[in-house]
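Number of protein chains: 2
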Amino acid sequence: MIRIDFQNVLDSKIGARNGLSKSFLNDFLKKSEPLLKKVLKSEDKPGYAFLALPEDTKTVQAIHKFAKSQKGKWQNIVVLGIGGSALGGIALQDSILGNWHNLKNKPRLFFVDNIDPDYVESLFSMIDFKKTLFVVVSKSGGTVEPMALYAVAKEKLLKTVKKTFRQHLVFVTDPKSGILREMGNKEKIQMFDIPPNVGGRFSVHSAAALVPAALAGINIEKLMRGAKKMKEEIKKSHGEKNPALLLAALQFLMDWKKGKNMVVMMPYSNRLYRIADWYRQLLAESIGKNSKAGPTPMAALGTTDQHSQLQLWQEGPEDKWIIFLRVLNQASRLKLGSHLPSEMAYLKNRAMADALNAALKGTAESLAKSGKPNCTIELNQINEETVGALLFLLEVQVALLGELYGVNAFNQPGVEQSKIMTKKILSR
Amino acid sequence: MIRIDFQNVLDSKIGARNGLSKSFLNDFLKKSEPLLKKVLKSEDKPGYAFLALPEDTKTVQAIHKFAKSQKGKWQNIVVLGIGGSALGGIALQDSILGNWHNLKNKPRLFFVDNIDPDYVESLFSMIDFKKTLFVVVSKSGGTVEPMALYAVAKEKLLKTVKKTFRQHLVFVTDPKSGILREMGNKEKIQMFDIPPNVGGRFSVHSAAALVPAALAGINIEKLMRGAKKMKEEIKKSHGEKNPALLLAALQFLMDWKKGKNMVVMMPYSNRLYRIADWYRQLLAESIGKNSKAGPTPMAALGTTDQHSQLQLWQEGPEDKWIIFLRVLNQASRLKLGSHLPSEMAYLKNRAMADALNAALKGTAESLAKSGKPNCTIELNQINEETVGALLFLLEVQVALLGELYGVNAFNQPGVEQSKIMTKKILSR
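Residue numbers (the numbering used here), protein chains in the order written: chain V, 1 to 428; chain P, 1 to 428.
In case anyone wonders, no lab produced these hints; they're calculated from the structure.
Don't take each hint at face value.
[As the list claims (entries may be wrong)] Okay, the calculated bits of chain P under chain V, using three or more residues with CB under 8 Å as the criterion:
#1 251 to 260
#2 276 to 287
#3 309 to 323
#4 384 to 397
Remember, predicted model here, so these are calculated numbers, not experimental data.
Even for Gly, the Cβ is constructed at its ideal location relative to N, Cα and C.
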């Protein structure tokens, strides 16, 4: 389902300056295996509980049932959430439903993840509130943005649908604590739980992303099946055959041994781009701690960003490494046809997918030739199962990175100061 | 129109570890002024010719006239271009027309900047080719992606609109050389020029972006007026009052004196986000050269990415600095109303714009308090003039950075190797 090609991080391929020796890597993998075991045994501990989500069939069934009851009722599903309460859902929307979903299909699915008044007002003035279901997602219930967005939406709902406003609302939050839970109880709103020990950025396999996904028609059972399969693979495989162990080791060694303080995730697929964006939060917030650690993750898109970032990667300072995402079997068999200039005759009647994958390969090899480390995560195809598996894999990688870097991967104390100062400014 | 607040890079505010002393900065600005003068005098040299674009009223008039002749004819404008041939146009679309343009208005404006078959096929199957104008943008005419996309579009045009296909095509390219110019001449296609000495990533004030912009209804005269005003300001002002000089000095010193190998551009405005993305190419491709130089630019969005990246910036390694973009007068006066939880009573009936700008200020101050350098570019409001000015300002900054870093800001030799290897793979 998912395979990792890591030849382009080895010294035999890219030289000793930036490359790792195979024996050193194998040694490191062996030494890190107990840490992975520790992570996998921590399902009931704060933060680590995301590991148990693939088995939570009860929640999946409940969401599935609810989504079925809403089918055909809505033109728009509007999710009010930010950070981990939006990025997972967006990644699922783009990867499974494709990039043009909202221009083609109903219900349209919008993630409103900012308090930019222009952005919000122009969306809210465009959609028919009578045909819109709002899903408010906030683990803590205390985040300002979704609550501010909810306040605006509720005011307009009360004006447009009046007493039936409850039917236009779903809350997804902690099962017991927090303002959103309180408000939902008081107002008798349909609610779904994010398990207490699951953090926002690790919540893509929980109701946080599954509720919007199911409402938009994504097969969440298959998504969870993919995550479960990946979990089993991670549990039973060893050394370089273990994708979570391997990816964590590569990231850690590229940073600490080779001084790469940046990592780029670059899918050659528009549908997968927002997964790189989701990963950006996952890695940055989990590992960026205590001044001592924190690779900076970046998202890029192939081939697009070959014409934007590749020059810097190829000839600039050697301060980053790249993770490519490759789709082996593209569903589309679109051909390039014959209307090409003679200079590009080699492309004649080729599948566009072949040109895309050749560009990935050409770029990876070109970087390797210049001694720039990179690896490629290969997905058999894009569907619920592979996406569910990939997201789970990356979550386990990051949890394991917490152990390797020696930081708590599940908190984010650094964002508090900004909130306090913002509140102070507004309270003046 | 545009002001730069740089208090949060000064040692008096953030300490000497990461801060610059005012006297050192002033000294550096003084020493760099001759380099800016040199840049401004180079309008007729390869690369630097973007500096002359704001005075090119003839081109603007020709594009305006053409756009007028096409008004009401099309449901879709589809731009086939990549890198500099797309990013400028996308930045204009989002900033001037807003984030939801394609869901609200006609003609819709699409930038197809990838050869992902799924992405392309699903778009092409959705739009009515009889109501679609294709704009092929390629400075050199030799870039694979736009030519491949053109081949696919032409095949479908020949099937759907048959002999009238010429009326569905516009080419924007070099006035004399290149495959696209040749093809246009042969097929008698409507063409516009990108001046020979203007490079792709510096072409946003040329036909490359102005043709799509004008076709979608953007006032390109005002856009150019903004650029012209900015040019005059850059020509006549000195020291810290000169925005291009100041921004270039800050970037250079943050990198070379303070070791920040990353720079984040973070607009607190969804409309301005793609300007940060455009800047990402501009800076990376222009300065990432010769192993000796190359800050890595990143795009982030406020407040959204406070919930994704801020933790890392605040508590992770001190390897980056931040450029915020702030809109002083938001057009929308959307209010947060009264349906807020009591814990957020301080937001009651406040304008959402105030909450957004307070979050920017709170974040900037919070970073400063921890010694993390940042500055804020303030735009009076978002419109054609301010956007035209901002883009021009950033272009001059990057041209000047070429002088400071001692690299040729106008070539991109590092992307050739990947192209050669890709071709080899496909020719096998």
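Now for the hints, and whether the structure bears them out:
Note: the region 251 to 260 of chain P has 0 residues with beta-carbon separation from chain V under 8 Å; the three-residue rule is not met and the coverage is violated. Judged by the Cβ-Cβ criterion of 8 Å, the region 276 to 287 of chain P is covered by chain V as claimed, because 5 of its residues qualify and three suffice. Only residues whose beta carbon comes within less than 8 Å of a beta carbon in chain V count, and the region 309 to 323 of chain P has 12; three or more means the coverage holds. Here's how the region 384 to 397 of chain P fares: 0 of its residues keep a CB closer than 8 Å to some CB of chain V, so the rule of at least three is not met and the hint is violated.
In summary, the numbered hints that this structure violates are 1 and 4.
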